[in-house]
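Residue numbers (the working numbering), protein chains in the order written: chain X, 1 to 554; chain U, 1 to 344; chain R, 1 to 182.
Worth flagging that the hints you see were computed from the coordinates, not collected in a lab.
We put the CB at the ideal spot given by N, CA and C, even for glycine.
Any given hint could be a false lead.
Said to hold, decoys possible - Capping the alpha-carbon separation at 20 Å, the derived lysine-lysine pairs in PhoX-like fashion look like this:
#1 X:Lys362 - U:Lys11
#2 X:Lys443 - X:Lys362
#3 R:Lys81 - X:Lys395
#4 R:Lys172 - R:Lys102
#5 X:Lys395 - R:Lys170
#6 R:Lys172 - X:Lys395
#7 R:Lys81 - X:Lys443
#8 U:Lys339 - X:Lys399
#9 R:Lys55 - X:Lys443
#10 R:Lys55 - X:Lys442
#11 X:Lys442 - X:Lys399
#12 R:Lys172 - X:Lys432
#13 R:Lys172 - X:Lys362
#14 U:Lys72 - U:Lys11
#15 R:Lys100 - X:Lys442
#16 R:Lys170 - X:Lys432
#17 R:Lys55 - X:Lys512
#18 X:Lys443 - R:Lys132
#19 R:Lys170 - X:Lys443
#20 R:Lys170 - R:Lys102
#21 R:Lys102 - X:Lys442
#22 X:Lys395 - X:Lys442
#23 X:Lys443 - R:Lys102
#24 X:Lys399 - U:Lys335
#25 X:Lys393 - R:Lys172
#26 X:Lys442 - R:Lys81
#27 R:Lys81 - X:Lys399
#28 U:Lys72 - X:Lys393
#29 X:Lys432 - X:Lys442
#30 X:Lys393 - R:Lys170
#31 X:Lys503 - R:Lys132
#32 X:Lys442 - R:Lys132
#33 X:Lys442 - R:Lys170
#34 X:Lys393 - R:Lys55
#35 R:Lys81 - R:Lys91
Claimed, not checked - From the derived model, a few chain R residues whose C-beta atoms are all more than 10 Å from chain X:
#36 Leu2
#37 Leu6
#38 Val7
#39 Leu19
#40 Lys36
Residue-level listing of the chains:
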Amino acid sequence: MRTLYQFHGGIHPPTNKTQSNATPIAGAALPSRLVIPLHQHVGNSARPVVEAGQHVLKGQVIGMAEGHLSSAVHASTSGTIAAIDEQLVAHPSGIPDLCITLIPDGQDEWIARESCEDWTTLSHSELRHKLRAAGVVGLGGAVFPSDMKLYSHKQKIKTLVLNGAECEPYITCDDLLMRERAADILQGAEMMRALLYAEEVLIGIEDNKPEAIAAMRAAVAAGGHQKMDVIAVPTIYPGGGAKQLIRVLTGIEVAAGVRSTNMGVQCFNVGTAYSAWRAIRFGEPLISRIVTITGNVAHPQNFEALIGTPMNELVAQSEQLAGTTNYIMGGPMMGVPMPSKEVGVIKATNCIIASSDAIFPKALTALPCIRCTRCADVCPSELQPQELYWFSKAKNLDKAEDYHLFDCIECGACSYVCPSNIPLVQYYRFAKSEIWARDAGKKAADAARERHEFRESRIEREKREKAEKLAAKEKAAQEAKAVQPAIAPVKPDADPENTLQLKIQTAIDHAKEQAAAIKPKNTEQLTPEQQAQIDDIEARRARIRELAKDATPT
Amino acid sequence: MSGFFSPFITKPVSVSRIMLNVLLALVPGIALYVWFYGPAILISLTLASITALGVEALMLKIQNKPVAFFLKDNTALLTAWLLALSIPPLAPWWLVVVGTAFAISISKHLYGGLGNNPFNPAMIGYAVLIISFPVHMTHWLTPNGLGEIAFSFTDQLNYIFREVLPGDVKLDAVTMATPLDTLKTQLHLNGSISDILDMPIYGHLAGIGSEWVAAGFLLGGLYLLAQRIISWHLPVAYLGTLFFIAALFHLVDPTHYVQPGFHLFSGAAMLGAFFILTDPVTSPTTPRGKIFFAMGAALLTYLIRTFGGFPDGMAFATLLMNICVPLIDAWTQPKVFGKKEKQS
Amino acid sequence: MLGALLVMAAIAIVLGAVLGFAAIKFRVEGNPLVDKIDAVLPQTQCGQCGYPGCKPYATAIAEGAADINKCPPGGEEGIHKLADLLGMEFKPFGGETVPKPKAVAIIDETTCIGCTLCIQACPVDAIVGAAKQMHTIIAAECTGCELCLAPCPVDCISMAPIAESVTNWKWKYPVYALTASK
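With the rest of the complex left out, here is chain X (with noise of 0.2 Å):
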């Protein structure tokens, strides 16, 4: 028997599970339409590699991945794309991203996929980059990518820690998952081992779901798993976050702002394993997720939704009932609302609930903190979430900073005990981009000050320069003068200032010429391909100007 480790804090809020985990997942209908984001992932937003009217084949790439960190996003389905153009997506903030639309032709047909029988064959920099490739991200709800997690130094991490916690209430997308698709969990589970040259993997599960724990239990046996062991851990909220696993399987405690890696662990979401599986064996890129609908619905159930499919449409096949206000996307603790019903599921929707007034109440009228400290009982990162709401709430920035302001996960236990019914964790997140905008205001005016400061010292050195130079000048002609008087003075310079205005005369009138030719500068001799080439990027710079345009309203 493994000894476990406790985290302090966790609450025990009515799970909510049963209604979804009764029957096995289903495959969603192919919806109307798909409305794909760029930006579904931590990082840099994906570039579009598709246009209007293009007709792509399921899997095909249609947002490549750009720069360091970023991941690439693919056709869902077969189908013809609609629109390139900025929509609403699943982000509270409500604010439109660019999306791409596709219209499915029914045909759902994939790409040429390349499959590969064995990954050893292939080398840690080329799975890593199939990864990429196959824009497989986080699927716990971080949505960071994968590749760049499954980076190491050789013997440094000591234990990969599978998450199949689940803690949070209503949700139960990794349970069905770990119940039917096991095995490749694990498959997934030995790739990540490898990649990160780690001695031991544990599968953290809560103890409320026997069936997965079993399950994972036969496939470990099954597949003869060395040195693989699905734990059973105590149901308590938030022990499925990844802190507070490590912390309980491995009693390793990873501070804020440090990487678990450093510390010897890295952590998957199952789901992300399966996911990462299916990537390498079979050529699948990460184009559908389980998903759990629940909530104000009839047949409350996990769904294999395409990336993209319109909420909506989704929660209709489970049967949405009267009353339904609005989506949540994520779970009744840290889940977010959707800025309306039709936005496209996205890789970090792990379940949708339709919300009702009946099962989340309006919250009540706060009252004032009496400091009862209840928060402080319950918070898995041992802060003081009194100060830090007194704090955020004066908007005393510094001063929650020093409490510890980032050290908070945004769990939520606090807000759910709170007797006096206070949104503290509403109070963190604000005081949070209150201060990363304060923090990126203020780096940016150091930078406009030590580039102006530059300048002005540049423009003080080219004066004195030229004065230098003037003045050895002057030196050098009076001792010219000294010798050979007669000479008639050196002809004054023409009026500085108003060469400078002929001069952009004649550059505007040649600008005018030009452009009455309707032929831009240096583009004389051209190869087709440069000419296409040239032609994308003016299309292209047409169409974000359009953007521009659309964004700012003037």
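Take the given structure of chain X and dock chains U and R to it, following the hints.
Chains U and R alone, transformed into the frame defined by chain X:
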């Protein structure tokens, strides 16, 4: 009105329910009070409650805060009860009203109302009364069976509201000094502890009757602990420290320093440990801070009782420690998750 | 009497010497207040305050020559910060100085003639280009000071406000009003 943010679910706890539980926990002590001293205490409890609610409503109205919303939180009621339980039951009606009104208006609402008062309102009310009306604050009833004459409920009512006594009765005949006060006076007269405790007003541990009332508060306090409404840190540290200091003095000089048990079951020690120090608004929030706070309060209580000018030190000890709360909190911030070894 | 006077005089001399020594020993180069004020200013170097840059404006404030409400890019928040720093009352914007939303300059590259005038005007070197070559603005370095707009002979520079996007979006302060009138 707050927005629609996560978490969308909350535990069904409320300030109102917590305070109601605290009021409930006071009931055993009050019942024993009535048993030993007659129903006069019920009159001051009622008077204080009505005054508290009235003044609270008025203060809320003046500040344009929702009246019904705040009245429901039961905090004013708790302040009223704690104050009423701290002053003599035979105190005239205006004394109760003035004390309660001061506690609610000045020490609670002028500091910003619920959650913002640095001092325990009930103790402020008590301090004001004992400084302004020291004589009236000594009218403690003699426990049943000790008094020379029967003092009926109507007589008590008459005294509280009209300050008249039945023809031939003198006030001294129905009231007496508290056991703590008597102890102090007798010690000044060079009595020894063992002689003093032989006096008829003392029972098993402390004063006859009052020791049982204290036991009633202890019972209520245990209920609050079991309900997890208060944390163990404050009462345990307070009673433990008081016991320890008293035991130390008693061991050194048993003729002049009374047994530790006497201290625990006398005066407001038990009520204070479970109901007054534990007021969340005016006590520290960190576990270590709570312990320091309670230890300081216990030390001050003992010093005031033994060497100070007042027979009981609970109220002043609480108020003095209330001043230190922001400092204690700042000094006792616990280490956060993952940062335990790194700092320090 | 005389003794007391002497003692007082001696104390005065000693203390004066200590103060004088401290003034020399711990002398602060420059005016620290100017740097503190400068740190609060947004460093757009736009000159909208009537001074040639943020530092000169900071110096003027420190000397008491300028008001604290002359910096539109800093917004009202900036005035609040200055007021806090200097222990002054908040002073709203007056007259023509009004805060504008943060913006960046954009050069219409097809119209640009490559005259370099804007490059010379830019206080933070955020414009790249050379004579007779197209110029462009490094958006990340642009402070939105608008100093490049006036010199452009072909009016090819425009200001684009920075829109709120998913990346720079901020969580709002929870609405918290506890008054009876509702």
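Hints and how they fare:
1. For the hint linking Lys362 of chain X to Lys11 of chain U, the alpha-carbon distance of about 14 Å falls within 20 Å, and the restraint holds.
2. Between Lys443 of chain X and Lys362 of chain X, the direct Cα distance comes to roughly 40 Å. Violation of the 20 Å bound is thereby established for this hinted pair.
3. For a cut-off of 20 Å, the pair hint linking Lys81 of chain R to Lys395 of chain X stands: about 13 Å separates their Cα positions.
4. Restraint check for Lys172 of chain R and Lys102 of chain R: the C-alpha separation of about 19 Å stays at or below 20 Å, so the hint holds.
5. Distance restraint check for Lys395 of chain X and Lys170 of chain R: the Cα-Cα separation of roughly 14 Å lies within the 20 Å cut-off, and the hinted pair is therefore satisfied.
6. About 12 Å separates the Cα atoms of Lys172 of chain R and Lys395 of chain X, which keeps this hinted pair within 20 Å; it holds.
7. Taking the CA atoms of Lys81 of chain R and Lys443 of chain X, the gap is near 17 Å; set against the 20 Å cutoff, the hint holds.
8. A hinted pair counts as satisfied when its Cα atoms are at most 20 Å apart, and Lys339 of chain U with Lys399 of chain X qualifies at roughly 18 Å.
9. For the hint pairing Lys55 of chain R with Lys443 of chain X, the CA-to-CA distance comes to about 17 Å; that is within 20 Å, so the pair holds.
10. Between Lys55 of chain R and Lys442 of chain X the alpha-carbon distance is near 16 Å, which keeps this suggested pair within the 20 Å criterion.
11. Among the hinted pairs, Lys442 of chain X with Lys399 of chain X is consistent with the structure: their alpha-carbon atoms are about 18 Å apart, no more than 20 Å.
12. Pair hint Lys172 of chain R plus Lys432 of chain X holds up; C-alpha atoms about 11 Å apart against a cutoff of 20 Å.
13. A distance of roughly 18 Å separates the Cα atoms of Lys172 of chain R and Lys362 of chain X; the hinted pair therefore holds under the 20 Å criterion.
14. At roughly 19 Å between alpha-carbon atoms, Lys72 of chain U and Lys11 of chain U fall within 20 Å of each other, so this suggested pair holds.
15. Note on Lys100 of chain R and Lys442 of chain X: the hinted pairing holds, with a Cα-Cα distance of about 18 Å set against a maximum of 20 Å.
16. Annotation: proposed proximity of Lys170 of chain R to Lys432 of chain X holds, straight-line Cα distance about 9 Å (limit 20 Å).
17. For the suggested pair Lys55 of chain R and Lys512 of chain X, the alpha carbons sit about 41 Å apart, so the restraint of at most 20 Å is broken.
18. Straight-line distance between C-alpha atoms of Lys443 of chain X and Lys132 of chain R comes to about 33 Å, which puts the hinted pair past the 20 Å bound.
19. A distance of roughly 18 Å separates the Cα atoms of Lys170 of chain R and Lys443 of chain X; the hinted pair therefore holds under the 20 Å criterion.
20. At most 20 Å may separate the alpha-carbon atoms for a hinted pair to count; Lys170 of chain R and Lys102 of chain R meet this at roughly 15 Å.
21. Among the hinted pairs, Lys102 of chain R with Lys442 of chain X is consistent with the structure: their alpha-carbon atoms are about 14 Å apart, no more than 20 Å.
22. For the given pair, Lys395 of chain X sits about 17 Å from Lys442 of chain X by alpha-carbon distance, which is consistent with the 20 Å threshold.
23. For a cut-off of 20 Å, the pair hint linking Lys443 of chain X to Lys102 of chain R stands: about 15 Å separates their Cα positions.
24. Among the hinted pairs, Lys399 of chain X with Lys335 of chain U is consistent with the structure: their alpha-carbon atoms are about 16 Å apart, no more than 20 Å.
25. Of the pairs offered as hints, the one joining Lys393 of chain X and Lys172 of chain R holds, with about 12 Å between alpha carbons and a cut-off of 20 Å not exceeded.
26. Distance restraint check for Lys442 of chain X and Lys81 of chain R: the Cα-Cα separation of roughly 13 Å lies within the 20 Å cut-off, and the hinted pair is therefore satisfied.
27. Straight-line distance between C-alpha atoms of Lys81 of chain R and Lys399 of chain X comes to about 16 Å, which keeps the hinted pair within the 20 Å bound.
28. Only pairs whose Cα atoms come within 20 Å are accepted, and Lys72 of chain U paired with Lys393 of chain X is rejected, the gap being roughly 24 Å.
29. The hinted pair formed by Lys432 of chain X and Lys442 of chain X meets the criterion: a straight-line CA distance of about 15 Å does not exceed 20 Å.
30. Between Lys393 of chain X and Lys170 of chain R the alpha-carbon distance is near 15 Å, which keeps this suggested pair within the 20 Å criterion.
31. Taken as a hint, the Lys503 of chain X and Lys132 of chain R pair is honoured in the structure, with Cα atoms around 10 Å apart against an allowance of 20 Å.
32. Between Lys442 of chain X and Lys132 of chain R the CA atoms are separated by roughly 35 Å; this puts the pair beyond 20 Å, and the hint is violated.
33. Using a Cα cut-off of 20 Å, the hinted pair Lys442 of chain X and Lys170 of chain R holds, with the two alpha carbons roughly 16 Å apart.
34. Among the hinted pairs, Lys393 of chain X with Lys55 of chain R is inconsistent with the structure: their alpha-carbon atoms are about 33 Å apart, more than 20 Å.
35. Under the criterion of a C-alpha separation no larger than 20 Å, the hint pairing Lys81 of chain R with Lys91 of chain R is consistent with the structure, at around 11 Å.
36. Against the 10 Å criterion, Leu2 of chain R stays outside the reach of chain X, whose nearest CB is about 55 Å from its own CB.
37. Annotated as non-interface, Leu6 of chain R keeps its C-beta farther than 10 Å from every C-beta of chain X; the closest such distance is 51 Å.
38. Separation of Val7 of chain R from chain X is adequate, the least Cβ-Cβ distance of about 47 Å exceeding the 10 Å criterion.
39. Interface exclusion of Leu19 of chain R from chain X stands, the closest Cβ pair being 33 Å apart, more than 10 Å.
40. Every C-beta of chain X lies more than 10 Å from that of Lys36 of chain R, the closest at about 13 Å, which supports listing it as non-interface.
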